[in-house]
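Enquirer: Take a look at the letters that make up each chain.
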Amino acid sequence: MSSSSSRTEQTFQILTALVDGPLHGYGIIQEVGRLSDGRTQLRVGTLYGALDRLSGEGLLVLDREETVSGRLRRYYRLTDAGARVLAEEAERLSRQASVALERLRRRGTIQRAPRGGMA
Amino acid sequence: MSEILERRYRRLLRMLPKHYRQSRGEELLGALMEGAGEQRRWPEAREALSLAGLSARTRFRAAGADGGEHRASRFGETARAIAFLGAAVLALNGVNEAVMVKLYRHTLFTGWPEPHRRKDNTWELRYSVLTTLHRELPALWLLIFALVTVGWWSAARLLALGELVFAATDLDTKADMAREQLLLVAVTTLAVLLARGAAARRVRGGWLVPAGGVAAVALGVFALALRDPRTWVNSNPHRLGQRVFHVLWVGNWMVPDTRVALVLTSAVFLVVAVLGWRSPVWPLATTVVAFATFGSLVVGRFVMQWDYTDMREGGASGAAAVVGGLLAVTLLALIRERRTQRSVEPTPAG
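Chains as they are written, first to last, in UniProt numbering: chain A, 1 to 119; chain B, 1 to 350.
Keep in mind that the hints were calculated from the coordinates and are not lab data.
Just so you know, not all the hints are guaranteed correct.
Label pairs and their computed distance ranges (CB to CB) [to be verified]:
hint, chain 1, residue 1, chain 2, residue 2, range
1, A, Asp-80, B, Ala-168, 50 to 56 Å
2, B, Glu-337, A, Ser-98, 57 to 63 Å
3, A, Leu-62, B, Ser-2, 24 to 30 Å
4, A, Glu-65, B, Gly-197, 43 to 49 Å
5, A, Glu-65, B, Leu-49, 46 to 52 Å
6, B, Gly-162, A, Gln-96, 35 to 41 Å
7, B, Arg-57, A, Gln-96, 26 to 32 Å
Beta carbons: idealized from backbone N, C-alpha and C, even for Gly.
Produce the entire structure from the sequences given, and follow the hints as far as they go.
Expert: Next up, the structure:
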């Protein structure tokens, strides 16, 4: 995955929220809040801007529509292309995190993981 | 309680473009209402800000897939039309300015005298490269016009910004602002910057003919003037070439003996408005460009009572008539479109 197409944190969290199954707008907001331990509070305008962009890129599709208590809900589903992009991004972030952790261990900022379980 | 909040959210959602509201409005409202607490009466400020951001993003970029084709928003299309027309007018005017330098100074980039007011309220003539460039650099609008015609919008944006910054410097009098077409330069630059996504595309099909015509006329007059400047200056002012020369110079339009320029320009503006009758985009763009072209002169002359030494009332009245006429055409086009939309909108079931 090229650096130019690397995802923002919010986009990454939205794609991650949809891995387990389709969600509607407010469902995505709640799931992103849970995934980030409440650090990310998506706003509706921000979410729908991202949904428009991700749908345009073919990473999400509309799954179904429901009317609950008189309110329209549209459920969005991750496409195969979306899952692939998310996997690549997750691997990229994982590699970056590994490099950062390794350097911090060498510096002594964090402890090296104990070998053979708990000491 | 929730009814009041819903009404306020609906009012907030009106800031979104109509086509977006029609397809997404109820869904957005549902998400907003689900996220609001039981006791909430007013929309959250950060929520309102995020909707304003969504509105701006939706208006400035392509509206998205529509029947498999990328469709530009109405806003983007209007910005594109203003950029195209404004650049054409500025290109013709800019080439004419450069021709004037060539005619009266015989070479380009050698200094052009500009009157400057001293502190004791007397005037002096100054020669400087900067004042010369004010006469010669506007010719670059021909290049900007060519760039937007072939679809190289990024390069056009950079050049247009440069022209705007340059035009905004070294303005000694209010009349300078009008002569340098600062308003038109600003409006056109803004339009070049705002035409993005699907709107930032090259000119295709039948529109290439008028686009090529603008470039050919500008280059043709420039070539004629450069070939033999003295003959050109002394030639019969009623010759077609001389008349075209006067048409190209916007600053000349206010002088009564070149009122023919005003008539010809009015005809061009009206042709564009009629050609764009199927949609209000072109009439609206033409009105904006006409106002930006004549507006500062007309407002300055009649409202602010600015003193133009080379301007007579007749020319300003004609300019006001052109802007007023185009405004009327635009309003009619908007009313016509609204009525057409109403007649094809399905009636709600039940």
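Enquirer: Next, verify each hint and record whether it holds.
Expert: How the hints compare with the structure:
| no. | hint | verdict |
| --- | --- | --- |
| 1 | A:Asp-80 / B:Ala-168: 50 to 56 Å | holds, 52 Å |
| 2 | B:Glu-337 / A:Ser-98: 57 to 63 Å | holds, 58 Å |
| 3 | A:Leu-62 / B:Ser-2: 24 to 30 Å | holds, 27 Å |
| 4 | A:Glu-65 / B:Gly-197: 43 to 49 Å | violated, 27 Å |
| 5 | A:Glu-65 / B:Leu-49: 46 to 52 Å | violated, 28 Å |
| 6 | B:Gly-162 / A:Gln-96: 35 to 41 Å | holds, 39 Å |
| 7 | B:Arg-57 / A:Gln-96: 26 to 32 Å | holds, 28 Å |
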